[in-house]
Amino acid sequence: MREEPEKAVKKRRFMITDIILIMFVLAIILPVAVMLVWTVTERWAWPDLWPQVFSLRALDGIFQRSEVLTKLFASSIIISSAVALLSVAIGTMTARALVLYEFPGKGLVYFLTVLPFMVPATVFAMGVQITFIKLGLNNTVAGVVIAHLICSLPYGVRLLMDGTAAVGARLEEQARVLGASAGQAFFRVTLPILIPVILSAFCMSYIVSFSQYFLTLLIGGGQVKTFTIVMVPYLQSGDRNIACAYSVIFLCITLAVFAIFEKIADRWSRNTDTAFYT
Amino acid sequence: MSLRIENLNVAFGETKVLHDLCLDIADGEFISLLGASGCGKSTLLKSIAGLLEAGTGKVLIDGKEMNGIQPQKRGTVIVFQDLRLFPHMTAGKNIAFPMRIRGVQKERQKETVSRLLGQVQLTGYEDRKIREMSGGQMQRVALARALAADPRLLLLDEPFSGLDERLRAEMGELVRKLHRENRLTTVLVTHDKQEALKFSDRIALMSGGRILQYDTPRNIFRHPINREVAEYFGRMNYIRDGGKEIWVRPFDLRIIPSGEDCRVKDIVFMGETAEVTVDTPGGEVLCMMTGSDLEALGIAPGDPVGIEIGRKTGMAPAEGREKM
Ligand SMILES: Nc1ncnc2c1ncn2[C@@H]1O[C@H](COP(=O)(O)OP(=O)(O)OP(=O)(O)O)[C@@H](O)[C@H]1O
Ligand SMILES: [Mg+2]
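Sequences listed follow chains U and F, in order. For what it's worth, this note's numbering labels the leading residue of the first sequence as 869, then goes sequentially. For what it's worth, this note's numbering labels the leading residue of the second sequence as 357, then goes sequentially.
If you're looking for bench data, these hints aren't it; they were derived computationally from the structure. Don't take every hint at face value.
Unchecked claim - Beta-carbon label-pair distances, calculated as ranges:
1) F/N582 - U/P1064: 50 to 60 Å
2) F/G369 - U/K939: 49 to 59 Å
3) F/E537 - U/V977: 45 to 55 Å
Unchecked claim - Think about it this way: if two alpha-carbon atoms lie no more than 30 Å apart in a straight line, the pair counts; the simulated DSS-like pairs of lysine-lysine are:
4) U/K1002 - U/K1093
5) U/K1093 - U/K939
6) F/K466 - U/K1131
7) F/K372 - U/K974
The model shown is predicted, which means the values in this text are computed figures rather than measured ones. The C-beta atom is built at its ideal place from N, Cα and C for all residues, glycine as well.
Go ahead and model the full structure; you've got the sequences and the hints to work with.
Given below as structure tokens:
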């Protein structure tokens, strides 16, 4: 008798989570599936549910240019990984300073890190370009990396601030009295616990960097080519099958990069005798 | 090792938490730190360990001034109130942490971990995850980890609160045994006065960021410097006798059946002990006695009785103790 209401609650919860899960899957899988179909489609006019004409033109085109594309991907991945790594490193330190320490001008620093959230991207890009021209950073990879970094840092800092606040200073205090230096306390205690958050921040920053179009175009001046720079014109010109082929590749590469970094983090945790704290 | 604190002042921003605090702990002593919540006990421990900047004043360990010496170089280990076990390590890894920092050989680490786990009665818990342990088990792991750091001064911030009676007594015994065997200078923060009276060489009672009295258990109970201290360790009767006031603990008052001027007001029987409230011409007094004494006395509320102040119970504040 007494168990029944409990069971009912449990069952309902399952249904709700199931529905959410299904919607989630549909929201992600469906577009991806459509994209996959598009890569081999020549004509797919409304209102048909299935393409009228298939062809391998898009894939052919891409494979023919594979040498150029490999280079393109390599440079894109390197730029975005560099941005993500810098964002995570700077973000971790900034978050620490903002969460754990009191210093004059703290409010201002926080405001500056989240400012890119608030300023429209175009206005921001203009400002950055003018500054970078003066600094001689325009049309350079370094310039693009820094510009992307400014965009992705707010995400990194926000995520890492939450993480740092959750971990707090208490465990480091404990490590200190157990004989650890400040550095050891951070690297052996806080950092391993922060790994999941750091991974999120990394992925976020990576994506933000990888998808920058306008900013890359402006700062890179066409000299620095990234994947997005090459892809966007196809999207705009209506060459949908080529755009979709690019997108699919984009997706695969992103997932691969994330998987690799997760592996690295996992390996690193294991080497330091720790397990993921979930 | 010995510890000496001279006129220590600690403040958080504008609020001063410790005021001109002085404390002297000899090598190998066991000190209990008592005081109401928020009086600054944890703050004092953190200052000793170097986790807080001292405003003014000195902390001396073995005669050496600790100002500006980093926490990891002081040899003072705190077991915190909230334990602070590292959640991403197993129990064994937690205990091995201080040894890993020192670069102790892996084999030695293993041995020490299993020996310490045995000492805290958690043999075989090496690979247990922290979040899969009970509160009491975590407290014991925290203690073992502190010991693995080879402390010169062990600072225990209420590490046994919330343990059940038996385990609490066992852990108390363990701490005392460790103290005896290793001559480990120990400071124990506790809310339990019985524990403090039982275990300590000396007790420091704090209030509002100051030490009210610092003395042996016997003295602090028998010769409290003021009412606050007196009442902290037990009930007290303040009896007007002519022009002066005498302080008498309830157990030092005796009720005699043949009396005229006093009257039994209330009797509370509590098994082993009993409390009797008596109306006297000088006001109400509280007497305590064993349960069997009460039965032998055979009194009931309303009975006329006499009161005798037992020998050596008058406890006027000890002269010249105010300054400690
Ligand atoms: N980081 C801090 N910032 C500001 N005030 C603090 C801080 N830590 C402690 N305090 C204040 O200092 C006072 C003493 O705190 P402390 O933790 O030393 O008390 P305690 O004696 O250990 O109390 P309890 O028995 O409850 O643990 C308290 O009034 C507290 O509010
Ligand atoms: Mg405290």
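Each hint tested on the structure:
A beta carbon spacing of about 54 Å between F/N582 and U/P1064 agrees with the range 50 to 60 Å that was offered as a hint. Here the CB-CB span from F/G369 to U/K939 is close to 57 Å, well matched to the stated 49 to 59 Å. A beta carbon spacing of about 52 Å between F/E537 and U/V977 agrees with the range 45 to 55 Å that was offered as a hint. Between U/K1002 and U/K1093, the direct Cα distance comes to roughly 22 Å. Compliance with the 30 Å bound is thereby established for this hinted pair.
For a cut-off of 30 Å, the pair hint linking U/K1093 to U/K939 stands: about 10 Å separates their Cα positions. Of the pairs offered as hints, the one joining F/K466 and U/K1131 holds, with about 29 Å between alpha carbons and a cut-off of 30 Å not exceeded. The straight-line distance between the Cα atoms of F/K372 and U/K974 is roughly 24 Å, inside the 30 Å bound, and the hint therefore holds.
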